[in-house]
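S.K.: Next come the chains, spelled out residue by residue.
2 protein chains.
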Amino acid sequence: MASNQQVKILGFVASPFVARAELALKLKGVQYEYIQESLANKSDLFLKSNPVHKKVPVLLHNNKPVCESLVIVEYVDETWTGHPILPSDPYYRALSRFWSRFIEDQVWLAVFKAAWNPNKQEREKGAEEAREALKIMDKELKVNGKFFNGDSVGFLDIAALIIFYWVPIIQEASEFNVYSGDKYPNLEKWGQEVLNDPVVKGVLPPRDVLLSFFKTRFQSLVGSK
Amino acid sequence: MASNQQVKILGFVASPFVARAELALKLKGVQYEYIQESLANKSDLFLKSNPVHKKVPVLLHNNKPVCESLVIVEYVDETWTGHPILPSDPYYRALSRFWSRFIEDQVWLAVFKAAWNPNKQEREKGAEEAREALKIMDKELKVNGKFFNGDSVGFLDIAALIIFYWVPIIQEASEFNVYSGDKYPNLEKWGQEVLNDPVVKGVLPPRDVLLSFFKTRFQSLVGSK
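Keeping their order, the protein sequence lines are chains A and B. Under the numbering used here, read the first sequence as residues 10 to 234, first letter to last. Under the numbering used here, read the second sequence as residues 10 to 234, first letter to last.
Worth flagging that the hints you see were computed from the coordinates, not collected in a lab. Worth double-checking, as some hints may not be accurate.
Heads up, the list lumps identical chains together, so a pair's fine if it works in one copy or across two of them.
With a straight-line Cα cutoff of 27 Å, these simulated DSS-like cross-link-like pairs (lysine-lysine) come out [as the list claims (entries may be wrong)]:
hint, residue 1, residue 2
1, Lys35, Lys64
2, Lys37, Lys122
3, Lys17, Lys57
4, Lys73, Lys129
5, Lys198, Lys51
6, Lys63, Lys122
7, Lys148, Lys57
8, Lys198, Lys64
9, Lys148, Lys51
10, Lys210, Lys35
11, Lys134, Lys122
12, Lys63, Lys151
Whole structure, please, built from the sequences with the hints as guidance.
M.R.: Pasting the structure below:
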């Protein structure tokens, strides 16, 4: 990387979305400064960089902010050479984008509801919706190699990491049951490959740190309601 | 286009999402066959092509299905040469993708609630959320030329067409007030340029057809509740 390139990530340790941005940078071999944000006391730099959503991650590239984790991943892929992140074939690029949207809109929103909705019935509804979405994914998504598209970690593997690593921890912390690998054999097999990748391992926050964080979050949002 | 290329769009006349896919193809000068789907009686081809969402549009390129309107637009841009749709600068590509997500997740979901939620209070809440989202967009999004990025219609112009053309018609049909151009001067100016483009004009369904369709939809979903 040229010495005049300044790359920073505004992040938060428990966030699966920050891990996506960091993983993209690490795959490309880009050096970056990680700045830990406090979500309770957001910095001026953070609020100025993401005034629309006020969410991590933010990538600052020579002071220009790029927001939203998957937008950052594509930006990183288009800005730095080296390890290709999106597939080269437009059809697999389209499938990667399609399923990444599915993970955001169907799986994650349902998991979010299952974990942190204050209403118990809503939480149960969320868990059911998440199981349904994972069932569809397990059936319809065709993994085309060791990873989603070939033998190296790519866009959809990065997007799906939230299912393979975070969801099992969040469900343990929030006392629901959405993702049991054996019920989704295709996702399970794919997930094992992704979690075994050494670069992926390098961005995963320790399990016990996440479990403790999400247990506290569950107690504060849901308590015994 | 090579004669061995077969391009079809499965669509529905009132859909702003189908218009996006058609606009991308027309900008590229790609010949395609438009197949009108009945949403009440979905064809086998349609259900086979989009088993996950069962929604229009579907692009069939040599029988391979591509689903989700903005995924289709990127696929079209990456598959055919000619009129570039995404900006060439990665930063403007990122901004285009960021704001297109904002239109989907913030503006459109709120408009959808304002228009068709059976509960009046929820409809009012939706209208308020939509106005708030449009206010943020009007303030934070910087249009960088006649269109979002330069002098020709691009990705974000295509994504935003739903605000400029469909939302005013839907609000008239559903009796709410979300988008008055004069309250969002930057969006208004940008929208006028987009709506005046001759290729854009070629994909817009007639106003009276849409108004009648959305009035019927409002009556059937909401009635006098």
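S.K.: Evaluate Lys63 and Lys122 at a C-alpha cut-off of 27 Å and name the case that applies: within, between, both or neither.
M.R.: Answer is both: 20 Å inside a copy and 24 Å across each meet the 27 Å cutoff.
S.K.: Indicate which option fits the pair Lys148, Lys51 if close means a Cα-Cα distance not exceeding 27 Å: within, between, both or neither.
M.R.: Between. Shortest inter-copy distance 21 Å satisfies the 27 Å Cα cut-off; intra-copy 41 Å does not.
S.K.: Between copies, within a copy, both or neither: which fits Lys37 and Lys122 at Cα up to 27 Å?
M.R.: neither (34 Å within a copy, 41 Å between copies)
S.K.: Up to 27 Å between alpha-carbons, please classify Lys17 paired with Lys57: within, between, both or neither.
M.R.: Close inside one copy (14 Å), not across copies (44 Å); limit 27 Å.
S.K.: At most 27 Å between alpha carbons: which applies to Lys35 and Lys64, within, between, both or neither?
M.R.: Only inside one copy: Lys35 and Lys64 sit 21 Å apart there, 37 Å across copies, limit 27 Å.
S.K.: For Lys73 vs Lys129, is the C-alpha pair at or below 27 Å within one copy, between two copies, both, or neither?
M.R.: neither (42 Å within a copy, 42 Å between copies)
S.K.: Given identical chains, is Lys198 near Lys51, meaning Cα to Cα at most 27 Å, within a copy, between copies, both, or neither?
M.R.: neither (39 Å within a copy, 34 Å between copies)
S.K.: At 27 Å max between alpha carbons, let me know whether Lys148 reaches Lys57 within a copy, between copies, both or neither.
M.R.: between (42 Å within a copy, 13 Å between copies)
S.K.: Can you give me the call for Lys63 and Lys151, within, between, both or neither, at a CA distance of at most 27 Å?
M.R.: The answer is between: 18 Å across copies meets 27 Å, while 35 Å in one copy does not.
S.K.: Should Lys198 paired with Lys64 be assigned to within, between, both, or neither, using CA atoms and 27 Å as the limit?
M.R.: neither (32 Å within a copy, 29 Å between copies)
S.K.: Should Lys134 paired with Lys122 be assigned to within, between, both, or neither, using CA atoms and 27 Å as the limit?
M.R.: Both: 8 Å inside a chain and 20 Å across chains, each within 27 Å.
S.K.: At most 27 Å between C-alpha atoms: does Lys210 with Lys35 qualify within a copy, between copies, both, or neither?
M.R.: within (11 Å within a copy, 45 Å between copies)
Going down the numbered hints, you'll see the structure goes against 2, 4, 5 and 8, while the others check out.
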